[in-house]
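Undergrad: All chains should be modelled from the sequences, with the hints used to inform the complete structure.
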Amino acid sequence: MRARVSLAVLLALLAALPAFAGSYALSVATLILYFAYTGQAWNVMMGFAGQLSLGHSLYVGVGGYAAGALFFHYGIGPWAGLWVALLLCVALGVVIGFLAFRFGISGVYFALLTIAFAEFTRIGFDHLDWLGGPGGMFLRVAQRDIWDLANFRGPPLMYYYAMLFLTAGAFALCYFLLRSRAGYYWQAIREDEEAAQALGINTFRWKMLAVAISSAMTAVSGVFFAFYYNNLFPEQIFHISRSIEIILGPVIGGVGTLFGPILGAAVLTLLSDGITEALAALGWEIPGIKQVFYGLVLLAVVMFLPNGIWPTIAKKLRL
Amino acid sequence: MSSSLQIRQLSKSFRGLKAVSSVSFEVPEHHIVGLIGPNGAGKTTIFNMVAGVYAPDAGEIVFDDKSIQGLHPHQVCTAGIGRTFQIVKPFAGLSVLDNVMVGALLRAKSSAEARKRSQDILAKLNLDSKASEPASSLTLPDRKRLEVARALATRPRLLLLDEVMAGLLPTECDQMVQVFRDINRAEGLTILLIEHVMRAVMALARGIVVLHHGEVVSRGTPEQVVRDPAVLECYLGEETEV
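Residue numbers (our numbering), protein chains in the order written: chain A, 1 to 319; chain B, 1 to 242.
Derived by calculation from the structure, the hints in this document are not laboratory data.
Using N, Cα and C, we set each Cβ at its ideal position, and we do this for glycine too.
Be a bit skeptical, because a hint or two may be false.
[To be verified] Below 25 Å or equal to it, Euclidean Cα-Cα: the simulated DSS-like pairs (lysine-lysine) are: (1) B:Lys-66 - B:Lys-130; (2) B:Lys-109 - B:Lys-124; (3) B:Lys-116 - A:Lys-316; (4) B:Lys-116 - B:Lys-89; (5) A:Lys-315 - B:Lys-130; (6) B:Lys-89 - B:Lys-124.
[As the list claims (entries may be wrong)] Over 12 Å on every C-beta distance to chain A, these chain B residues come out as not near it, computed from the model: (7) Val-100; (8) Lys-130; (9) Met-202; (10) Val-226; (11) Tyr-235.
TA: Written out as structure tokens, the structure is:
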């Protein structure tokens with residue numbers, strides 16, 4: 001009950017945020033929600049089913065490029081492009097999952113496989129002239145004042161609410177999944193796969209489901225990314241540092257928890273932006289300070305809160 | 001009298017070492033049968049072949065008159081064979097209740113139904129007071145009980161127990177014996193148990209199969225088996241004149 005009330009209050013605050021926040025704060029909030037949502041998607045695979053993906057940038061990239069290219073070349077809006085993005089990303093996830101789970105590749109080797117797929121897709125996209133190659137693909141930026149929902153074009157406020165809607169939706173979906181048969185089976189597989197099999201669980205099938213859901217959710221991040229930033233470069237969107245950025249939120253917030261990805265994304269984005277701002281105010285521009293800061297936060301969490309920040313806070317708040 | 005499990009001429013080698021060679025025995029329906037023998041006799045290897053973890057080199061495994069050869073572990077469980085692991089494998093991060101629920105969901109239509117059934121099983125095994133604790137906090141005897149509870153939750157018709165009494169105090173062992181006896185009587189559950197604790201085997205088993213070096217050296221009722229010189233020999237070594 002306490003948890004539900006707190007959640008409702010938080011959601012109301014976030015919905016009312018644009019009334020108080022300036023344009024800079026709104027863009028930071030949008031970024032936080034973007035990482036919260038994408039982290040939640042990754043969490044389905046790693047946090048729930050225990051399958052470590054270090055290549056989630058693959059799905060962001062393929063999703064973004066799929067919807068972006070349809071818009072760029074044919075003027076097809078993101079609502080149709082979204083389905084293509086979903087289909088492609090799920091297909092990719094299923095191929096990777098099939099290769100790994102059918103041939104018993106797990107743990108570190110599975111993680112390496114996910115990196116490999118993201119990396120060779122990045123290199124492949126560098127050579128696809130139709131998608132702009134290494135020079136990138138730029139979506140036409142049209143009128144920014146009116147809410148053009150059909151083409152997902154509009155003021156920053158629209159993107160903020162879209163991301164809030166997605167994050168809330170992902171939270172609800174994961175809440176439901178965790179309490180369903182899938183949630184119990186995934187967690188059993190995460191804890192001990194052999195014991196899970198002995199209890200009648202077809203671990204191959206349930207792991208595939210986790211990959212499919214996670215890649216589909218991440219595809220949506222990609223579509224959002226394409227229409228929010230309007231430019232796509234293979235070297236950026238598929239880069240392994242993007243995959244790491246995606247997982248830092250849930251790792252710091254709490255892997256396998258529902259609120260961890262949200263809290264982790266907020267803490268990381270706020271603190272790193274805060275530090276960059278503070279240093280800039282002092283007149284220091286230090287390149288790479290964000291990465292150093294990520295490293296320090298990660299180090300502190302691993303040392304002092306190995307389960308992430310959220311489980312400790314949840315206990316204190318008795319949620 | 002029909003058989004629940006029939007093992008015919010089963011063999012398995014690991015890199016040339018014969019772990020099990022042409023072992024045959026039957027577990028009659030509704031009976032409790034003990035599988036005993038010194039360490040390395042091949043007992044757990046037989047379990048793992050029945051459970052679908054290892055494929056036998058030769059021989060046949062028949063459950064309820066159907067061959068279960070080549071089935072994956074999850075299919076064996078779905079077919080009606082539950083098992084425990086000698087080295088316990090709790091889902092450490094989940095609560096005790098959730099551990100059992102994972103098993104119960106196999107035959108339950110809803111989470112609510114699975115939860116209800118899991119609570120009943122936990123009560124049977126005296127674990128109900130620890131239902132909401134994480135499995136990682138349990139002591140070894142409780143982990144053994146949890147292992148049994150989880151296997152029972154899948155509603156097996158045949159239960160394979162791999163040394164669930166090991167490490168239990170005599171009173172705890174007697175409690176566990178009573179649990180199996182009750183379930184066997186009330187539900188007609190067939191049980192095949194690997195056990196070193198003779199106190200439990202003698203109290204439970206109607207038939208005993210003795211393995212040594214991968215071969216059956218004796219079989220019969222508990223009374224017959226303990227008087228068999230071949231059994232004494234494999235446990236204590238051959239009698240020699242001095």
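Undergrad: Take the hints in turn and mark each one as holding or not.
TA: The hints, checked one at a time:
1. Of the supplied pair hints, the one linking Lys-66 of chain B and Lys-130 of chain B is violated, its CA atoms being roughly 39 Å apart against a limit of 25 Å.
2. Among the hinted pairs, Lys-109 of chain B with Lys-124 of chain B is consistent with the structure: their alpha-carbon atoms are about 22 Å apart, no more than 25 Å.
3. A C-alpha spacing of about 30 Å is found between Lys-116 of chain B and Lys-316 of chain A, which places the hinted pair above 25 Å, so the restraint is violated.
4. Restraint check for Lys-116 of chain B and Lys-89 of chain B: the C-alpha separation of about 23 Å stays at or below 25 Å, so the hint holds.
5. Distance hint between Lys-315 of chain A and Lys-130 of chain B is fulfilled; the C-alpha atoms sit about 19 Å from each other, no more than 25 Å.
6. A C-alpha spacing of about 20 Å is found between Lys-89 of chain B and Lys-124 of chain B, which places the hinted pair at or below 25 Å, so the restraint holds.
7. With 12 Å as the threshold on Cβ separation, the claim that Val-100 of chain B sits away from chain A is violated: the shortest Cβ distance comes to roughly 10 Å.
8. For Lys-130 of chain B, the shortest C-beta to C-beta distance to chain A comes to about 17 Å, beyond the 12 Å cut-off, and the non-interface label holds.
9. With a closest Cβ-Cβ approach of about 28 Å to chain A, Met-202 of chain B is found to remain outside the 12 Å limit, as its non-interface label requires.
10. Every CB of chain A is more than 12 Å from the CB of Val-226 of chain B (nearest about 32 Å), matching its label as outside the interface.
11. The beta carbon of Tyr-235 of chain B sits about 30 Å from the closest Cβ of chain A, which is more than 12 Å, so the claim that it is off the interface holds.
Of the numbered hints given earlier, the model fails hints 1, 3 and 7; all others are met.
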